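Student: Now for the letters of each chain:
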Amino acid sequence: MKKAKNVDLSSLSLGKFIAHEIPHRLKDEVAADISLSESLPKLEKRIINFFCNRLQGTLTKRGQPVDVDPKLQDPFLPKVIDEWFEKPKLISFSQLAAKHLYMAQTGSASPGMLGVADAKIDGKPAVALMKLPEEEGVRFERTSVGGKETYNVTLLGDLTLTENTKVFKAALLWRENGAITGLVSDDQTQESSAIAGYFLSQFLGCRHKVRPQTLTKAFKETVTEFINKEVTDEGDKVRYFTALQAELSSNKKQIDPPDFIQKHVNSKHKGPLQNRLNDNGVPTAAFQKDLSLLPAQGQRSRYLTDGGITIAGESEKMKERVEIRDSEKGGGIVIHDRIRRVQ
Amino acid sequence: MSNDEELRQKYLAMRPRLEELAKDLKKSLMVWCNELRIYSPRIEERVKESHSLLNKILQRKLERRPYADPLADVSDKVGVRADVIYGSDIDRLVDRIHRATDVFERIEDDDIDDKRFSLSANEVGYSGVHIDVVPRERRGLARKHTTCEIQIRTNAQAAWAMASHELAYKPVVKRTDGDKRRVFRLTALLELFDEQISQSRDELMSDPNYPLGKLIQALRDARFQFRAGESNPALTHDMVSRLADVQSLKDVDELVDNVSKFTHEYDRKLRDVLTRDYPSLLSQPEAILIFMNLESDIYNSQELWERAGLPNGLLEKMANAWGKRLPPPL
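Protein sequences, first through last, are from chains C and Y.
Position 287 (the first sequence) corresponds to 287 in my numbering; numbering is contiguous.
Position 61 (the second sequence) corresponds to 61 in my numbering; numbering is contiguous.
Source of the hints: derived by calculation from the structure; they are not laboratory data.
Values in this document were obtained by computation on a predicted structure and should not be read as measured data.
Here a beta-carbon is modelled for each residue, glycine too, at the ideal position from N, C-alpha and C.
Among the hints, a few may not be true.
Per label pair, the in silico range of CB-to-CB distance [claimed, not checked]: (1) Glu83(C) - Asp253(Y): 28 to 38 Å; (2) Glu221(C) - Asp251(Y): 49 to 59 Å; (3) Asn300(Y) - Arg325(C): 21 to 31 Å; (4) Ile311(C) - Ala234(Y): 55 to 65 Å; (5) Arg302(C) - Gln217(Y): 52 to 62 Å; (6) Asp306(C) - Pro311(Y): 46 to 56 Å; (7) Pro311(Y) - Gly331(C): 37 to 47 Å; (8) Asp251(Y) - Glu83(C): 20 to 30 Å; (9) Asp251(Y) - Asn251(C): 43 to 53 Å; (10) Asn300(Y) - Val138(C): 34 to 44 Å; (11) Ser267(C) - Pro311(Y): 37 to 47 Å; (12) Gly313(Y) - Glu225(C): 32 to 42 Å.
Below 16 Å or equal to it, Euclidean Cα-Cα: the simulated EDC-like pairs (lysine to aspartate or glutamate) are [as the list claims (entries may be wrong)]: (13) Lys48(Y) - Glu149(Y); (14) Lys45(C) - Asp272(Y); (15) Lys319(C) - Asp337(C); (16) Lys87(C) - Asp118(C); (17) Lys120(C) - Glu191(Y); (18) Lys27(Y) - Glu149(Y); (19) Lys56(Y) - Asp69(Y); (20) Lys269(Y) - Asp337(C); (21) Lys268(C) - Glu303(Y); (22) Lys124(C) - Glu303(Y); (23) Lys237(C) - Asp326(C); (24) Lys115(Y) - Glu149(Y); (25) Lys263(C) - Glu303(Y); (26) Lys220(C) - Asp290(C); (27) Lys329(C) - Glu234(C); (28) Lys45(C) - Asp277(Y); (29) Lys268(C) - Asp177(Y); (30) Lys27(Y) - Glu45(Y); (31) Lys209(C) - Asp290(C); (32) Lys261(Y) - Glu295(Y); (33) Lys263(C) - Asp236(C); (34) Lys99(C) - Asp33(C); (35) Lys268(C) - Glu320(C); (36) Lys214(Y) - Glu149(Y); (37) Lys269(Y) - Glu83(C); (38) Lys319(C) - Glu247(C); (39) Lys144(Y) - Asp95(Y).
Working from the sequences, and respecting the hints, build out all of it.
Tutor: This is the structure we're talking about:
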């Protein structure tokens, strides 16, 4: 598998920042109907660094390497971004981006703000785009009623980015060897194929550099190889393998390697498995699950013993009837079943 | 050509190789001091000047006990001196040299002259330990010519050695009783100095807060390489005491070394990240310890963080700043 080049997100810094409101788009409404910001706000450096930290978090968690989709004919935003790299005028660029996002988003897309910033990554100029959902919150303010102290509560309906806001749609794009490349986090490409990727595809005009089916295959193969080569305890082997089978056959639409490791792997194997995945090009960010390159196995498990015996069956039944004894108790395999037929 | 002149020419011919031997010896001592974590040693090497060698040979002739083979018998042609702070460092370094069978030929007890114990009660002096060694790597010289002398002293002993050239060593004039008494008092004072400084160190190191304090100091010093300004010392103490693994604090010197290695290896990245003002923890010295942990094993780091009862969100912001994906909470 071709390994996507890693960028060090600690080197990300943001410069000028501007935000535009992206309202809910009703049918037939056009971009001319939205009002856009016309000047740059004066922001403290700390606020800029706050945005930068959130963007780093989003991209380390969900950012996948992307490039411009060659199948799209005359994609709008890549052209605008290319122009921006030549002449970085943030206000006019961000206005074009906001109008384009407004038109690209589907009726079900939630309203929010589009934050756009000029950025630097690994010393290279870049542009950052973040779709920030609107949130609600309450503020407690100390007050007095009838001379007695209490707290007044105000509902804040126009909050956008709080400590707990999840920024799902974000992009960081830069130029490498003359071509636009970057990292994009887009939850919709990962969770619902029906409205797949208006942010990644329609808005940004990009595609994933490494296809999800390639990543899924690499994840499965790397974990299996790790189990067979590095895990010595029989119980651990079976437990990890069962968890891998369950991960692949579950209804979840994405694979999140650190989440898998955290939930199913013992402390001593966590770091080494993560390193092995990274070495084999499987990112630490979550990616869309796509089993199309894996042979259709259903939900079957197959154990090969030292003595050359193969035990195979449906994963659920194997879990129920095949007992793998702890190595502390002498190890070994016990099958709780009866022979129906011999061949 | 006279015998002495012939000797001088021979000595000058072998001197460049003796200088190489001296450098080898100095390098070995530096490695061992580092290995034994001997703090701030001063190590100097020298090869005897030809006039000094000839003087020594002449002196022995005048004393009617001449050297049979002068170039071989003068054992301090190459000398290396290590001055250390604590008396116990001398013992540890002597022990290390004694065990260095890969570097030196077998060292007999007779080869070690511990001058700290060899003076009688009424003798004046305050010296360290001298060891005669024969290196296995001889730089092309004959074995008999390669005996080298290693001197190990405390700084107080070094101070005495320098002063004693004038005050007591081989006096050319007869000293009065008053002078002698002054010199005795002086050596007693130096001995007391070494004893007290060693005792203070032992007490300090047995204090349960010592390892934590040493680590905090190293982190504070490291922070100043990357940003100036105030930090919150109470917060640092609280965070470091929660995050520094009890096991790793047992060898705090290694941990302090790791801080230094880490800041060296990630110098550029730390310069970039630590100068930011969000999250606030970046302004604290403990940010370096947090990044060390994240870099070493992010899963362990998170377990440690949770065991310490610290909020996960804070570690997540630090991981974001370091460009690392923090796994979901346990």
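Student: So, for every hint listed, does it hold in this structure?
Tutor: Hints and how they fare:
no. : hint                              : verdict
1   : Glu83(C) - Asp253(Y): 28 to 38 Å  : 57 Å, violated
2   : Glu221(C) - Asp251(Y): 49 to 59 Å : 40 Å, violated
3   : Asn300(Y) - Arg325(C): 21 to 31 Å : 29 Å, holds
4   : Ile311(C) - Ala234(Y): 55 to 65 Å : 60 Å, holds
5   : Arg302(C) - Gln217(Y): 52 to 62 Å : 57 Å, holds
6   : Asp306(C) - Pro311(Y): 46 to 56 Å : 47 Å, holds
7   : Pro311(Y) - Gly331(C): 37 to 47 Å : 41 Å, holds
8   : Asp251(Y) - Glu83(C): 20 to 30 Å  : 58 Å, violated
9   : Asp251(Y) - Asn251(C): 43 to 53 Å : 49 Å, holds
10  : Asn300(Y) - Val138(C): 34 to 44 Å : 38 Å, holds
11  : Ser267(C) - Pro311(Y): 37 to 47 Å : 21 Å, violated
12  : Gly313(Y) - Glu225(C): 32 to 42 Å : 35 Å, holds
13  : Lys48(Y) - Glu149(Y)              : 11 Å, holds
14  : Lys45(C) - Asp272(Y)              : 15 Å, holds
15  : Lys319(C) - Asp337(C)             : 12 Å, holds
16  : Lys87(C) - Asp118(C)              : 12 Å, holds
17  : Lys120(C) - Glu191(Y)             : 62 Å, violated
18  : Lys27(Y) - Glu149(Y)              : 15 Å, holds
19  : Lys56(Y) - Asp69(Y)               : 13 Å, holds
20  : Lys269(Y) - Asp337(C)             : 59 Å, violated
21  : Lys268(C) - Glu303(Y)             : 12 Å, holds
22  : Lys124(C) - Glu303(Y)             : 35 Å, violated
23  : Lys237(C) - Asp326(C)             : 11 Å, holds
24  : Lys115(Y) - Glu149(Y)             : 14 Å, holds
25  : Lys263(C) - Glu303(Y)             : 13 Å, holds
26  : Lys220(C) - Asp290(C)             : 11 Å, holds
27  : Lys329(C) - Glu234(C)             : 11 Å, holds
28  : Lys45(C) - Asp277(Y)              : 8 Å, holds
29  : Lys268(C) - Asp177(Y)             : 73 Å, violated
30  : Lys27(Y) - Glu45(Y)               : 10 Å, holds
31  : Lys209(C) - Asp290(C)             : 15 Å, holds
32  : Lys261(Y) - Glu295(Y)             : 13 Å, holds
33  : Lys263(C) - Asp236(C)             : 13 Å, holds
34  : Lys99(C) - Asp33(C)               : 9 Å, holds
35  : Lys268(C) - Glu320(C)             : 27 Å, violated
36  : Lys214(Y) - Glu149(Y)             : 35 Å, violated
37  : Lys269(Y) - Glu83(C)              : 31 Å, violated
38  : Lys319(C) - Glu247(C)             : 15 Å, holds
39  : Lys144(Y) - Asp95(Y)              : 24 Å, violated
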